[in-house]
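Asker: Sequence:
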Amino acid sequence: MDYKQELKNFFGENCLFNEPMAQHTTYRAGGPAEVYVYPQTREEWSFVLKLARTGNIPLRIIGFGSNILVSGKGLGGIVCSTKKMNNIRVEGDHIRAEAGAALDKVCELACKAGLAGMEKLSGIPGSVGGAVYMNAGAFGQETFDCLEYFDVIDLEGRPATLLKEDVKFGYRRVEGIANCIILSACFKLAKGEFTQLIETRNT
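When you read off a place in the sequence shown, starting at 1, and then add 58, the result is the number in our numbering.
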C-alpha cells in the first residue's frame with residue numbers, strides 16, 4: 059500500500075494531501091506539503107515515525123511555523139504538525155502544556171492564576187514545543203528558567219521524560235535533543251501578584 063494511503067487510513071481527516079505551507083507559516087509563504095498530518099498521541103507519533111523510518115520518507119516537524127521559510131516548490135514526504143496538541147493545565151504552582159499550545163496562551167493563563175516566571179515570555183509567536191526546543195526567551199527571561207521537565211519521543215519511537223538538569227542549554231540553544239520530538243512540558247512557577255503580572259505581561 060502507498061504510504062500516503064496508509065497515513066490517510068490511519069489519520070483520517072487529520073491527514074491532508076498537497077497542503078499549502080503558506081497557511082501554516084508566519085511568513086505566509088511556501089508551496090504544498092506532499093502529506094500534512096496532525097499526530098496527537100504517542101501511538102500516532104510512533105506510527106508516523108515508523109512509517110517514515112522504514113520507508114526512508116522525509117519527515118519534518120512544525121509547530122506554529124514561526125520564522126520558517128518554505129520554498130515555493132513545497133515539501134516532499136511528510137510534514138507533522140503539533141498544532142492540535144494544545145491542552146494546557148494549571149496544577150497548583152505548575153503548568154503543564156502540550157507541545158502545540160501557544161506559548162503566549164500559557165503565559166496568559168499563568169498570569170491569570172497569579173503565577174510568576176513566564177510573564178516576560180508573553181508575545182513570543184510560537185508554540186511550547188518550539189520554545190523548549192530552542193530555549194526561547196525575551197527581556198531577560200528564558201523558557202528554561204521555569205521549565206521543570208519535558209516529554210519527548212525520539213525518531214525510533216521511544217518516549218522519554220527529560221528533566222531540565224538532563225540536558226545542556228544556553229542562550230537560544232538546547233543540546234542533545236536534535237533527534238527528539240517534544241510532546242509536552244511542565245513549568246514550575248512561583249506565586250505572584252496578579253495586577254503586577256498582568257502589567258508586566260502587557261508592557
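In short, the hints are calculated from the structure, not lab data.
From a predicted model like this one, the values you see are computed outputs, not experimental measurements.
Hints should not be assumed to be uniformly reliable.
Claimed, not checked - Mimicking DSS-like on lysine-lysine, the simulated pairs with C-alpha atoms at most 25 Å apart in a straight line are:
| id | residue 1 | residue 2 |
| --- | --- | --- |
| 1 | Lys178 | Lys246 |
| 2 | Lys226 | Lys142 |
| 3 | Lys163 | Lys141 |
| 4 | Lys108 | Lys163 |
| 5 | Lys62 | Lys163 |
| 6 | Lys226 | Lys170 |
| 7 | Lys178 | Lys141 |
| 8 | Lys163 | Lys131 |
| 9 | Lys62 | Lys131 |
| 10 | Lys66 | Lys141 |
| 11 | Lys178 | Lys131 |
| 12 | Lys131 | Lys141 |
| 13 | Lys62 | Lys170 |
| 14 | Lys178 | Lys108 |
| 15 | Lys142 | Lys66 |
| 16 | Lys222 | Lys249 |
| 17 | Lys170 | Lys142 |
| 18 | Lys163 | Lys142 |
| 19 | Lys141 | Lys62 |
| 20 | Lys66 | Lys163 |
| 21 | Lys141 | Lys246 |
| 22 | Lys66 | Lys108 |
Asker: Taking the earlier hints as the rules, which of them does this structure contradict?
Answerer: The structure conflicts with hints 2, 4, 5, 6, 8, 11, 13, 14 and 20, although it agrees with all the remaining ones.
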